[in-house]
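J.: Given the sequences, and given the hints that come with them, work out the whole structure.
Going letter by letter, the sequence shown gives residues 72 to 825 in the numbering used here.
Listed next, the in silico EDC-like pairs over lysine to aspartate or glutamate satisfying Cα-Cα at most 16 Å (straight line):
1. Lys483 x Glu548
2. Lys500 x Glu511
3. Lys545 x Asp431
4. Lys169 x Glu440
5. Lys273 x Glu189
6. Lys629 x Glu579
7. Lys114 x Asp88
8. Lys414 x Glu508
9. Lys255 x Glu204
10. Lys414 x Glu506
11. Lys228 x Glu204
12. Lys596 x Asp621
13. Lys228 x Glu282
14. Lys228 x Asp177
15. Lys114 x Glu151
16. Lys114 x Glu84
17. Lys414 x Asp503
18. Lys515 x Glu482
19. Lys211 x Asp240
Simulated from the structure, these hints should not be mistaken for lab results.
In this text the structure is predicted, and so the values were computed from the model without any measurement.
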Amino acid sequence: DFGHSSELAFVVEPSDDIAVQEQPLILYCQVEGIQPITITWRKNGVMIVDSENAFMLANGSLYVSRFQRVRGDGSSDEGEYDCMAQNHYGLVVSRKAKIQAATMSDFHIHPQNAVVEEGGVARFQCQIHGLPEPVILWHKNSMPVNTDNERYTLLPKGVLQITGLRAEDSGIFHCVATNIANVKFSREARLTVSGSHSTVYKDPMILVGPENLTLTVHQTAVLECIATGNPRPIVSWSRLDGRPIGVEGIQVLGTGNLMISDLTVQHSGIYVCAANKPGTRVRRTAQGSLVVQAPAEFVQHPQSISRPVGTTAIFTCVAQGEPPPQITWLRNGQILETSDHIKLKNNNSTLSIYGINQADEAIYQCLAENSAGSTQASARLTVLWADGLPSPPQGVRAETVSATTIQVSWEKPLQNTKEIIGYVLHIRKAADPVEMEYQEAVSKSTFQQLVTDLEPSTSYSFYIKAYTSRGASKASEVTVVSTLGEVPAMPSLFIKVINSTTVQATWEPSIKLGQHEGFKLYYRKVHLSQYTGPVLLASNVTAYNITHLDASVVYEVKLLAYNQHGDGNSTVRFVSLRETVERTVLNPPCDCMKDEQNNKTSTTGIIIGIHIGITCIIFCILFLMFGYRGRLLMCKNVQEQLSTPQIPRSQRSATGLVLNGATRRDRDDRDLNGKQLDMNELERLFPASLSQEQQEKGIMSAHSPSASHDETQISTLPLDEFSIIEEQPDPLPKNPHGSSPAAAAPDHCPANEG
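T.: Rendered as structure tokens:
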């Protein structure tokens, strides 16, 4: 029974079809499986009853004698048909076959008259809708167009292109549309070829670009692109995403139309037609999108399985298509409803049935459907049930022991208990899905189980199964019970002495406390039995000051958390204030604030004094440095002026090359008010310069015959530019040139400066 032949499955399923008005129609359906098999048909989900017009053949196919799109009563033979097959294992439903009537509308686009110059491009179009798609042919002057002429291109959608026009192409054109429903003729259009071939340059121009197309795999797509220009442009194709178009199944029709045969999903994309002027980068482009749909098909079929009672059955069904298909599950031909017992996951790709029983035995079907088509696959679930298995355990009871513990007890089954090897307790939170269930095994001689580590204030469901070596019994009745509420845990408590009469109790909030409404605080003198309190504190309070205490005794402080289930365990601390009092007597309190202010004041004064001292030292150093540097710079200027510039030999004279003797006396005679140069002072100011001069040249006198003025340059002090003066209360008289000695030699380097 579990071989391939036992599976109820379709060998042939009905397919989509287009029926001709008043003609017979046959829909095929062939099934295999264990007999007897009953086959029935549905249209749009409604059972078809045999009649004169439609009845089932002996092989299971449906025969429609005279197909009619619209009957006298308003009904129609058009619709979605499916075939159902049933045997004692279950029922399966075929894919839906879409049946449509063959039709043909009138032409909604007719060819138009055209006048085109010789060498140009002519395009005629006619368009008509029909089922199936009409075949369109063109006639010229009432004769079929010669398709062997490579200048004539016929496109499947009713377009005629003529390139490189000649005079003989002139004529009257019309198209003929044909399908199984009818034959229709379009209006006529005249083509006139005028003039001779023009040599005037024309930019490339695309007359008609590609349309947006939506097709199904294995069909043929034709993307039209017709361009004009002089010289004749070159038409090329590319994909907007940069991927190559490929060569397999690709063909160019006429001068630039792209035809793709045997479409696949990978052909989807945006295609760009470009018209290029030969030998240049001048181009014009047009684009259109191609969408290729794929009917749903299975990547993984569901597999028939056999499972013991109480276990879990899982079916997997994976389908692909474009657009992605929707998956629906059927159970014996009816849409499967989910529950705690039946779950669908992974976008309905996985069907899980928990705790199966004999009622779950059926044929399960996976239907995958998208806009391009539908498909189905089926699998059978066989629930294994051995004779002589124990009956379900009896009298299942659950009693709450604590906030985290429940005790479950039961009685042994009424039948077939000899082969029992143990029991399995199934445990689940009542609010959780079935897949969250877990089990605990129990020996065959035990009829109760303590279930621990449960959550407080939570409902749990329990049921029991008895197991033998051949399988499990059916599940016992389910019992549901809740755990007790839990009181809060002990809080942590700390005591801090504030002063001789006050202590502070502090504690930390913690999730370990559990849900609590607040705290209760008690305290007492240890030698008394009566507590003061309780002091009720909110759940967000973490500290409390206990005041007006007696410093001579020891106190006991107690803290606990409470909720609606009662008081939790308390935390106790002992505290004495005597040591605080003794420390106060032995170490009288100091005015800490005052001492602190004094310390701050003293420290501030010291810092300010240090800053002032450092500032004074820096100013003194800077004053001495700049003063000394100033004197050096001024004296250096004077020294530079002592150097006599090089003058021509003809202007040199003995009187201008000496500092004493006749030259000095001559100057003294001219400058009666000038002071006599003090050589000792000059030597003191310029010791290096004068000593070097005296050593190398000697001090020349007016009657020194050995001086060689033609060979030697002597650095001398031009007396007209420099003089050593002393400060006098009266202003100096002007020199003969109209300027005072003070103006010629400013007081950059005072003569009397030590």
